Amino acid sequence: MNSESRIITMTTDFGSQDYYVSAMKAVILGINPSVRFVDISHDLPPQDIMAGAWVLKNTAFLYPPGTIHLAVIDPGVGSSRKPILVQIQDQYFVGPDNGLFSLVLDKKESCRMIELTADTYWRKPVSNTFHGRDIFAPVAAHVSTGIPISNFGRPLPELTTYRWAKPISDEEGVQGWIAHIDRYGNLISNIPEKLIKNRGNQQEFKIYIGNTILKTISKSYASVPDGEPVAVLGSSGMLEVAIYKGNAAEMLGVEKGAPVSLILQKPVS
Amino acid sequence: MNSESRIITMTTDFGSQDYYVSAMKAVILGINPSVRFVDISHDLPPQDIMAGAWVLKNTAFLYPPGTIHLAVIDPGVGSSRKPILVQIQDQYFVGPDNGLFSLVLDKKESCRMIELTADTYWRKPVSNTFHGRDIFAPVAAHVSTGIPISNFGRPLPELTTYRWAKPISDEEGVQGWIAHIDRYGNLISNIPEKLIKNRGNQQEFKIYIGNTILKTISKSYASVPDGEPVAVLGSSGMLEVAIYKGNAAEMLGVEKGAPVSLILQKPVS
Amino acid sequence: MNSESRIITMTTDFGSQDYYVSAMKAVILGINPSVRFVDISHDLPPQDIMAGAWVLKNTAFLYPPGTIHLAVIDPGVGSSRKPILVQIQDQYFVGPDNGLFSLVLDKKESCRMIELTADTYWRKPVSNTFHGRDIFAPVAAHVSTGIPISNFGRPLPELTTYRWAKPISDEEGVQGWIAHIDRYGNLISNIPEKLIKNRGNQQEFKIYIGNTILKTISKSYASVPDGEPVAVLGSSGMLEVAIYKGNAAEMLGVEKGAPVSLILQKPVS
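Protein chains in written order, with my numbering: chain A, 71 to 339; chain B, 71 to 339; chain C, 71 to 339.
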């Protein structure tokens, strides 16, 4: 890969009204003017680390080899939380060690983890409130020029990680939770497709969410009439409940964290 | 044109908090790493097909020849609605056949329409809930590499189209509707400049909107004092009502779909 | 610098639901297809010129030499306000002469100022409501191709400028105001670091904001427990009051323009 065409993605909670994103891009362009940016999101809920982890999980490994993912949701900036650089397979991740990379680690085990200590690659003076501009952006830019990642600091034995609550699966069925609500109001659970496929296909079942009961998992949102609820295996590989041409979160009154149960029906003996 | 520098624009209702836009860009970069993105909008109202059509109408034909417009407002994803690729003059459009391209067709008659059937150009497996990532993005990427559009499927005789309600013009004047309200609260009608120029210049007239009456069409928003309503022929070529340094939708209490009348004044005999 | 890789940044109040930003980019790409865009912000509060000035001040001079900053917050479009092109050090600025460049001028004295009069570089016909598309975008594009800036019009002796209210500093302390509230609710004052460093370090002081009193300036947001208020010298070089992992504007009930006082404590005699 030509180092000039390296891609840096950005995932932050900086919003779109301030100069914070621009400052990071300017610093990067000053180091590697040929880098290409892809904004993954800057509108993640302020300080919601797991929202960033979720977005990275669903998209990072779709990028071409050598892509650098700069992720800054960093309420602990200036504290003792470490700045890190992680290589997972052929992708690079730069940001704070606060759990932001939990779900990409979850997906790929083989990785190299570096604590950023080589301040020669940082912008000076380093502020205590904006490491995105002063540490993470310049490090991502220098990585994009092909500097070996071992130059940036010292090996780190493990990262701070959080995990989504795992769904509970037993002979009665599966108990999970709503892990994410998207812009359409679609309710995305933490129940992965494989847990459903192993269980739900064998016998009849009911899905309970809010005050709604669904008896089938449909092929698409459009499998039901307008305004009706529908369960699908969504594009993120999780069980999802939506309203066709409507907002399920609003119409079913369901919030993030609400329980979802898939209960197997016992055959009448 | 060098195929490596092809531009892909994106117009969606995906919002900016989710991974959906990023997933499409990642898939495209995996196929053509040199493509250049322009985000037209990702914040269109969820499932508002005509809002997407309006944006495309006002901007698509300003782009350089060979630009590919990837547009995904797709409530019917996974249903029988067709995935399509359309060439109109020197611009390409990829997305669902649900009316999204109605207003660009309206503008340019000569076009080639293809139903996407050649799944060799799709991402596998194809989900039922995210054709943006699995069909439209990879097709747009392959179009950007120079593959002839006839390779992507079979000719389609006509598209699903919707039209804006046409204004009614008679000897009394012109009756139209507010077709769009922009971020400033400017009220953009469906009355085109030419209908005004043919009629309004000849004699005195009054424009009725909400509980306001305007007697002139001004040159610019700034033709009136701060806080006053003003009618102009806007940048989209339509009659528009604004408040100088204010929000007309809020201050006049006018919503999308509200009537606007231009009534010619009869000379006193 | 290769003219093909010139960067154009964009700072507007156009929002992200309309075609306005896209129309400007399309016009630019039609003139210089190789230009690279960086969106600084399109979500500035409608018609808030000083919000644009603040963003430009904090970010423009971080960009590589030759960067062109296209800034359009332009309530007076179509009035007598002048369209301008300004070179300040190695950066270029294009937009309306309405105060938008006040704070970059404030920072750098040596500059060349041009009133845009050479309409050969404009898009025709020029609308009265969208000079962003018809004047500023094409001028920025032509600047990016290397045309000397004197070609675009005539020298302008001075710009329209506004200044932030200056903080008042006397033997009692410093009296300032909240000049900006960011997405996190952080309260950014107009009191620069140097005014604090000269005064606050010498003796004990109290900072009054809303109904809160702070007795120290901390190193980082994370210097206090979750939910506690904290004063820091922020990344913009100004005194800033935040709540660690919280929203200071909401929790302290403080709005833009609210007073902030740093009062020096007299030693007990």
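Do not take every clue at face value.
Copies of the same chain look alike in the list, so a pair counts if it fits in one copy or across any two.
The calculated lysine to any residue pairs, modelled on SDA-like cross-linking and capped at a C-alpha distance of 25 Å, are [said to hold, decoys possible]:
(1) K336 <-> Y232
(2) K326 <-> D296
(3) K276 <-> A249
(4) K285 <-> S331
(5) K336 <-> W192
(6) K315 <-> G327
(7) K336 <-> R106
(8) K326 <-> G100
(9) K326 <-> I101
(10) K152 <-> T282
(11) K326 <-> R253
(12) K194 <-> P145
(13) K315 <-> A235
(14) K289 <-> P145
(15) K326 <-> G85
(16) K285 <-> L229
(17) K289 <-> P218
(18) K289 <-> P195
(19) K315 <-> A249
(20) K326 <-> P145
(21) K276 <-> N198
(22) K152 <-> C181
(23) K194 <-> L175
Hints listed in this document are in silico derivations from the structure and should not be mistaken for laboratory results.
All of these numbers come straight from a predicted model, not from anything done at the bench.
Now the hints, each set against the structure:
| no. | hint | result |
| --- | --- | --- |
| 1 | K336 <-> Y232 | neither (36 Å within a copy, 49 Å between copies) |
| 2 | K326 <-> D296 | both (24 Å within a copy, 22 Å between copies) |
| 3 | K276 <-> A249 | within (20 Å within a copy, 44 Å between copies) |
| 4 | K285 <-> S331 | within (12 Å within a copy, 52 Å between copies) |
| 5 | K336 <-> W192 | neither (62 Å within a copy, 40 Å between copies) |
| 6 | K315 <-> G327 | both (23 Å within a copy, 20 Å between copies) |
| 7 | K336 <-> R106 | neither (56 Å within a copy, 55 Å between copies) |
| 8 | K326 <-> G100 | neither (41 Å within a copy, 33 Å between copies) |
| 9 | K326 <-> I101 | neither (41 Å within a copy, 35 Å between copies) |
| 10 | K152 <-> T282 | neither (44 Å within a copy, 31 Å between copies) |
| 11 | K326 <-> R253 | both (13 Å within a copy, 22 Å between copies) |
| 12 | K194 <-> P145 | within (21 Å within a copy, 38 Å between copies) |
| 13 | K315 <-> A235 | between (30 Å within a copy, 23 Å between copies) |
| 14 | K289 <-> P145 | between (40 Å within a copy, 14 Å between copies) |
| 15 | K326 <-> G85 | both (21 Å within a copy, 18 Å between copies) |
| 16 | K285 <-> L229 | neither (41 Å within a copy, 36 Å between copies) |
| 17 | K289 <-> P218 | neither (46 Å within a copy, 32 Å between copies) |
| 18 | K289 <-> P195 | between (55 Å within a copy, 14 Å between copies) |
| 19 | K315 <-> A249 | both (21 Å within a copy, 21 Å between copies) |
| 20 | K326 <-> P145 | both (21 Å within a copy, 23 Å between copies) |
| 21 | K276 <-> N198 | between (52 Å within a copy, 21 Å between copies) |
| 22 | K152 <-> C181 | within (17 Å within a copy, 42 Å between copies) |
| 23 | K194 <-> L175 | between (31 Å within a copy, 24 Å between copies) |
The earlier numbered hints that this structure contradicts are 1, 5, 7, 8, 9, 10, 16, 17.
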